[in-house]
Amino acid sequence: MTPAGASLLDRIAAIEGKGLAAIGEATDSAALESARVEYLGRNGQLADVMSLIGTVEPRDRRDVGQRANAVKTVLREALEARAKALESATGGPRARIDRTLPARERWVGGVHPVTRVIDEICEIFAEIGFTSVLGPEIESTWYNFTALNIPLDHPAADMMDTFYLEKDVVLRTHTSPVQARVMEAFRPPVRVVVPGLAYRRDSFDPSHAPAFEQIEGLAVDEGVDFVEFRAAIEHFVHHFFGPGTKTRFRPSFYPFTEPSAEVDVSCTVCASGCSTCKRTGWITIMGSGMVDPAVFEAVGYDPERYTGYAFGMGPARIAMVRHGIPDMRLLYEGEMSFLQQFA
Amino acid sequence: MNISFNWIDELVGLRGELSDPQVLAERLTMTAVAVEKIETVGAGLDGIVVSRVLEARPHPNADRLTLCKVDRGAGEALDVVCGAPVIATGGLYPHVAPGGVLPAGFRIESRKIRGELSHGMLCSEAELELGRDKGGIMRLADGLEPGTPLAAALGLPDTRLTLDLNPNRVDLACHVGVAREVGGPPAPRDFGGAAWTPEWRDGESEASGAGVRVRIEDLDRCPRYMAAVIRGVRVGPSPAWLAGRLLAVGARPISNVVDATNYVLHEYNQPLHAFDLARLAGAEIRVRAAVAGEPLTTLDGHEHKLAPEQTVIADRDRAIAFAGVMGGLDTEVTEDTVDLLIECASFDPSGVRRTRTRAGLSTDASYRFERGIDVHAQERALARCVELIVATAGGEADLIGLRAGPAPAPVPPIDVRVSRVNQVLGFGLDGAEVRAALEPIGFKALPGVEGGAGADGDAGGNGATDVLRISVPGWRTDIAREIDLVEEVARRVGYDAAAGQDRRFRPSAVPADPRVEKAARVRELLTGRGLLEARSLSFMPEDFRGNRAVVPVPNPLSAEESCLRSAMVPVLLRRLEHNYARGNRNVRLFELGTVFGYAAGPDPEEEADVTGRFEESGRVGAIIAGTRRPDHWSGPGLDFDLWDLKEIAGSFADRLCGATLVPFDDAVALDATESGTSLEGPWLSRGGFRAVKDGRVVGVAGVVDEASLDAPPWAASAFALEFDLAAVEGRPVPAYRKTSPFPAVRRDLSMTVPRGVPAADIERAVREATSDLLRAVRLFDVYSGEEIEGGRLGLAWTFRFRAPDRTLTDQDVESEMSALSTALEKQFGARIRRS
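Chains as they are written, first to last, in this note's numbering: chain A, 1 to 343; chain B, 1 to 835.
Keep in mind that the hints are not guaranteed to be accurate.
As the list claims (entries may be wrong) - Cβ pair distances, simulated, as ranges:
#1 B:Asp543 <-> A:Pro151: 35 to 41 Å
#2 B:Asp631 <-> A:Asp98: 16 to 22 Å
#3 A:Pro151 <-> B:Glu396: 27 to 33 Å
#4 A:Ala30 <-> B:Asp631: 32 to 38 Å
#5 B:Glu814 <-> A:Glu120: 55 to 61 Å
Unchecked claim - List of simulated lysine-lysine pairs, PhoX-like, C-alpha gap at most 25 Å:
#6 A:Lys72 <-> A:Lys18
#7 A:Lys246 <-> A:Lys278
#8 A:Lys278 <-> B:Lys37
#9 A:Lys84 <-> A:Lys72
#10 B:Lys693 <-> B:Lys646
#11 A:Lys246 <-> B:Lys37
Said to hold, decoys possible - Facing chain A, from chain B, some residues (calculated, C-beta under 10 Å):
#12 Ala32
#13 Arg107
#14 Asp484
#15 Asn555
Please keep in mind that the hints were generated in silico from the structure rather than gathered at the bench. Ideal Cβ positions, reconstructed from N, Cα and C, are used throughout, including at glycine.
All chains, please: the whole structure from these sequences, using the hints.
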């Protein structure tokens, strides 16, 4: 390229830089208009340069012309963008706008309220060393009952009406079979929480569902005693329900724990009596206990060496208490206006 | 299970704070059994007194009314009109005088009924809120003075505690059992007559005497059958105190004989049955398996056809009762009964369960037999029943008692180590404390262990020994192992002994399941795109608008829930329809869950795992329909279209799975794959996208075919996707790439290409023809129309170039542009439009 052509290209580059700066600095439409006139106007700087194209060597003309046109496009677009920006910032040229008009909303996504409960439970137990594991929903009667010290024709089996898929195959009636699976696969120390679905032949009504979430916990090691068990549960209660929440443990029965305990927390809704706590001031949140030695024997742990505790909770019920949801079926309908409330 | 507070008080004399029913309930809840309800029975009976009907005659103006003269003990005969047809002259009934108030709050006044003046009324159990029986006026047994307040006669008011019994603590289903928990050895009521101490006739399976014969044909089903005979009873109403007890626990007084058996049931837990001896053919009892098809009509009037798995009590000729469940109508005790045979037996728990399950019955008796009764207390229970009947119904008990079946084996003692108690509980107890926890509720430390509790009952109390040998009372059928005693110690000491202490953090040797993090990534991606998480039950109909499920649920609760779901999209389509039904046009849902099918592959017979025939896998489904954003006044919102779906599915495939989205047009095969859990289903038959990873389809997406959805006319098109959760990868850790401080250069390019050239191919060719200076390619217009020559398609692209280390020159960009133009012209016959 000839020196004349190159010098013209330099001028074009300079115009681009200065023009963009002037456009950027314009804070109102008058300043913008004067920048337009200065750089893109009929007698503006770019027009000046274009008028000189004829003076360069013909072989340079195409490049210079293309470059000038490109800069023209860049400046034009910058002008337009700046004009739009000024307009949206002020709501139009000196227009008086009604700022009470509704905003432009977005759809807000979110997880299910039961998921949130499950996640929080897992996180709180993670703080004291529990990992989250999962297990199958189709289970053998061995894992679902036998390994958990539940004889098949014992009244304890009445506590859970079972969906049998085959003679020895069930939809698990609780997440507890994962206890046995974890202990078969790993040596202590075992500390796990197990969220998942469980199935019982309950009719679908305000307080029951034939498929429902459960979350199971298991801790096994040498020297794990009832005192440690209670300390872990109190840690959870204080973090989940609040530091002022009271906890009480009372006798219960599960074939796979002994001693067994029902855990109640002081009602979070009322001081001393409401429909949530059936006017007792307490809400039962989990069944629990020290792992029965028979379970350790079934999975090949030495019950003389290891002790542990296990617990199970219903996140759906906890979500209902937490949000004041009166009917369990609402959780599973997938209705937008319901789910949106928790997003 | 209902417990009467007054009854417990009578048994053990509740003192101090336990004399408050609330405190007693709290004590039981915290140490033994949850009390779920506390209510008062027999409140509001002030002014209702025992009255004698001196005279009863039909009402002159009404068929169903009776005109009575009633003595309330005040020396005057009141006229009372009564709505019950049968009123016995000389009988005792509760009466509420004019001005009195029924428990429900009705004030009773003197008024004329069909022309006859009535002063107050005679009351039924239901009117007094003592029971459900509205049928007749409550008849009271003779022996009460007219004018006695009804409440005092019945031992009311009382407090009823409803227990939420655990299956292991059947011993708490009776008053003696609860009394033991709260107050030490109970002292049962003295019925006032002589003790019945019979001469027992024993037999291995058969016993006879007292004019009857008892035979057990199957000792597995019935290990023991005891019987007593009482002759010459007068069946009538129970004395008021007895009726009051039964009313307090929610049982219905029937007659003195039947009430006596129920009383002992609630006192000692032993189910008993009274037969009308005159109706036993051959004066004989046989306990046997039912004969197939044999008939039996039970007390409740139901006619049953029997099966051999059921156990019956029979006489010489026929079945007369379900063993351990319910008596029969034919041999029931009636007002005409004179001679009785009282049954006191023990039946095999699972046999009772089979018998009652098939009969569709569940009774107080079966509840107790299934959970285990105290076989060592049966003589005492039978004697209590005989003594009570003789005291209330008269008659004479035969001095011969029958016992068929071997005597029960003694309960073996259990060795409990104090060190084990502390290993499990961490309470730091010594031997004396362990004994102090156990002995008040019937356990005893025995001598016989080396260094254990000696004959003087003193050792073991000073920490000298670790092992205590503990005898177990017969009523604690749940106690068989050392750990069972550890639980007893824990609850007796109190679970609160463990409260408020700290324990150290422990690590877990179990790694977290990667699926938990995968699910979290899915939720993040989809909620970030404005979708809401749904949870639905795992069921679907066998055929949901052509989308099929394969694993049936036996005895499903409804047709809607007849199968386990085979895919997520059909379940979400059902949710979409639910939203349509509620008038929601804008729906954006996703769900994570399990789908079910049958495993492809090896013969299930060879599978070690019985569940091997089935297959379950994690899936995520999503569905969008309606406007992209909420409507705004500035302009109408646009509905979701295929390109919105493509973005979600593409991001899912690319960002979460490392998969590539491949479009397809052809209708997919409608048959599910062998497993029955194919990702693709009829809903996808209008084509869409497959996400492909390592040659495998891990996800699908597309517009929902109309045939798969029952949508109202106002609904927008619905778009869905489904992915295998297993394909989602763990959270990546991206490596930093230097960002460029130098300006980017933009170039636009318009071109026409022959129709049918895929845009993705053009983009790929552009990338191949250019260097890494090309940082972004964007298609910003697609146009066709008359101005385009020869039916070609117009495409307008923007390219951005940028170097990491310098400002690009025009030459840099021009050479990239000419390289890509040449490539497009050559490969696709593109015609570049020069500006």
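Hints, one by one, checked against the model:
no. : hint                              : in the structure
1   : B:Asp543 <-> A:Pro151: 35 to 41 Å : holds, 39 Å
2   : B:Asp631 <-> A:Asp98: 16 to 22 Å  : holds, 18 Å
3   : A:Pro151 <-> B:Glu396: 27 to 33 Å : violated, 45 Å
4   : A:Ala30 <-> B:Asp631: 32 to 38 Å  : holds, 37 Å
5   : B:Glu814 <-> A:Glu120: 55 to 61 Å : holds, 58 Å
6   : A:Lys72 <-> A:Lys18               : holds, 13 Å
7   : A:Lys246 <-> A:Lys278             : holds, 17 Å
8   : A:Lys278 <-> B:Lys37              : holds, 10 Å
9   : A:Lys84 <-> A:Lys72               : holds, 18 Å
10  : B:Lys693 <-> B:Lys646             : holds, 17 Å
11  : A:Lys246 <-> B:Lys37              : holds, 22 Å
12  : Ala32                             : holds, 6 Å
13  : Arg107                            : violated, 30 Å
14  : Asp484                            : holds, 7 Å
15  : Asn555                            : holds, 7 Å
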